[in-house]
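Colleague: Spelled out, the chains give:
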Amino acid sequence: MATSTVDFNTLLIKRLRSKDTTALDYLYDHYSDALYGIIYRTLNHKEIAEETLHEVFMKIWDQIDSYDDKKGTLFTWMYRIARNRAIDARRSKDFKSSDKSDDITGFVDMFETSNNNEDYIGLSTVLNEIGQMCKKLIQLNFFEGYSHAEISENEEMPLGTVKTRLRNCLKQIKQKLRRDFE
Amino acid sequence: MSREEILNDGYLAAYITEELSTADAQEVETFLETDQEIQDEFYNLQKTVETLSFKYAISPSEVVKRMIMEDHKVISHMRGGSDTTGSGYKLALAASVIIALTSLVSAFYFWNQWQNTDYRLAQLTARNIELAESFNTVNQELSDIRQDLAVLVSPEFSRIILNGTDNAAESKAVIYWNPIEEEVYLNSANLASLPQNQQYQLWALIDGVPVDAGVFDAESGTFQIMKNIAQADAFAVTVEESGGAESPTLSTMQVYGEAAI
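For the record, the sequence lines run as chains A and B. The opening residue of the first sequence carries number 1 in our numbering; numbering runs sequentially from there. The opening residue of the second sequence carries number 183 in our numbering; numbering runs sequentially from there.
So that you can see chain A by itself, here it is in the shape it has in the complex:
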């Protein structure tokens, strides 16, 4: 069932590994916006976020040999690099001294302020159904780089509950999306 993008990605990865710059060009055009969304929301600072995006793509280019498809899809691998780099940038001295806050306060629901990407699979409708807490947990953990521990403290919710809920929330989205397909 996982074949749809796999074969195309296999080719893409092969060309990246042979240092084919046209493959990097394609990769950037296809994935930069999705990765930048993660980085920007983690940092809330345009210049630092764009610098981080540059570093992320250099890391992808340099370390594509270390990509291991047993540990996840190509997107997941890039997503982890982007998320980790952005978290590192947020923790760095430069960032802290630039008068940017790195705690959860000042939360703004990103799902309310979505740009108008095509909603061909009914994602907006589904997100309206899964509840505020689900949306908040997903946004904090997957889009703003906050750890389970940080969320647990901020939301006054036991650590195990944060973990289980995140999984249930993602699963709900997937199931509802499938339902809308049928």
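Be aware that a few hints might be false.
In silico lysine-lysine, DSBU-like type, Cα no more than 30 Å apart, as pairs [said to hold, decoys possible]:
hint	chain 1	residue 1	chain 2	residue 2
1	A	LYS59	B	LYS354
2	B	LYS409	A	LYS46
3	A	LYS71	B	LYS247
4	A	LYS171	B	LYS255
5	A	LYS14	B	LYS354
6	A	LYS176	B	LYS229
7	B	LYS255	B	LYS272
8	B	LYS255	A	LYS19
9	A	LYS174	A	LYS136
10	A	LYS96	A	LYS70
11	B	LYS247	A	LYS19
12	A	LYS46	A	LYS136
13	B	LYS247	A	LYS176
14	B	LYS237	A	LYS171
15	B	LYS247	A	LYS96
These aren't lab readings, by the way, just hints derived from the structure by calculation.
For chain A, the structure is supplied; the task is to place chain B on it using the hints.
Modeller: Coordinates of chain B only, in the frame set by chain A:
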């Protein structure tokens, strides 16, 4: 950690964000190598995160792409640009330069063509695979429906209606039970959906003793396959914590029905 814990306690989602300890991550990886259900669940979670990331994408400034493509680590791999100098007869030199240039231009032209074709082929392949995949989905659904129908029309299966108790007078569930093959199918479309930390649990009652027949969520659509049951006087559904309980919480009983054998 057990399979069930990996599937239900958020380990796979935490594996995506790399929030597991090294030991936990290794355990998850061991399961991922062999367990199809865990692989599928992991793939689905990844696809959900990917879908959300694309939906909530933000465009960076144009200049970032140029910075990346012109980074020395990238530019050193750009094709073309090697040149040699030599001396000799001017005419021969000029001729060889022209020949070299011509072949360079045509080489570049053909290389370019090849690149384009390669891309187009890859895109067509991807589209083709997508079509094949949706065909497979439809095919799978068809065979699921056929299977359901086979259960419905089979004389081996008895149909047991579970009626709502005082807790849930409106609720209803239907069981199809084949005592010979010990198969139990459940249609839970008429049960209310539960909060996330709770699940329904089906019990088979044998001489008044409850036997666990599996946990489930209320779902419309096809039947759910429950645990094998060879003997039962009645079936009942209770509400339990996610994952199910050892013995039923009778005060939460939702529906109940006797097996007419």
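Colleague: Now tell me, hint by hint, if it's right for this structure.
Modeller: Going down the list of hints, with the structure as the test:
no. : hint                : in the structure
1   : A:LYS59 x B:LYS354  : violated (56 Å)
2   : B:LYS409 x A:LYS46  : violated (55 Å)
3   : A:LYS71 x B:LYS247  : holds (28 Å)
4   : A:LYS171 x B:LYS255 : violated (40 Å)
5   : A:LYS14 x B:LYS354  : violated (55 Å)
6   : A:LYS176 x B:LYS229 : holds (14 Å)
7   : B:LYS255 x B:LYS272 : violated (38 Å)
8   : B:LYS255 x A:LYS19  : holds (10 Å)
9   : A:LYS174 x A:LYS136 : holds (17 Å)
10  : A:LYS96 x A:LYS70   : violated (36 Å)
11  : B:LYS247 x A:LYS19  : holds (17 Å)
12  : A:LYS46 x A:LYS136  : holds (22 Å)
13  : B:LYS247 x A:LYS176 : violated (36 Å)
14  : B:LYS237 x A:LYS171 : holds (17 Å)
15  : B:LYS247 x A:LYS96  : holds (27 Å)
In this structure, the hints that do not hold are numbers 1, 2, 4, 5, 7, 10 and 13, in rising order.
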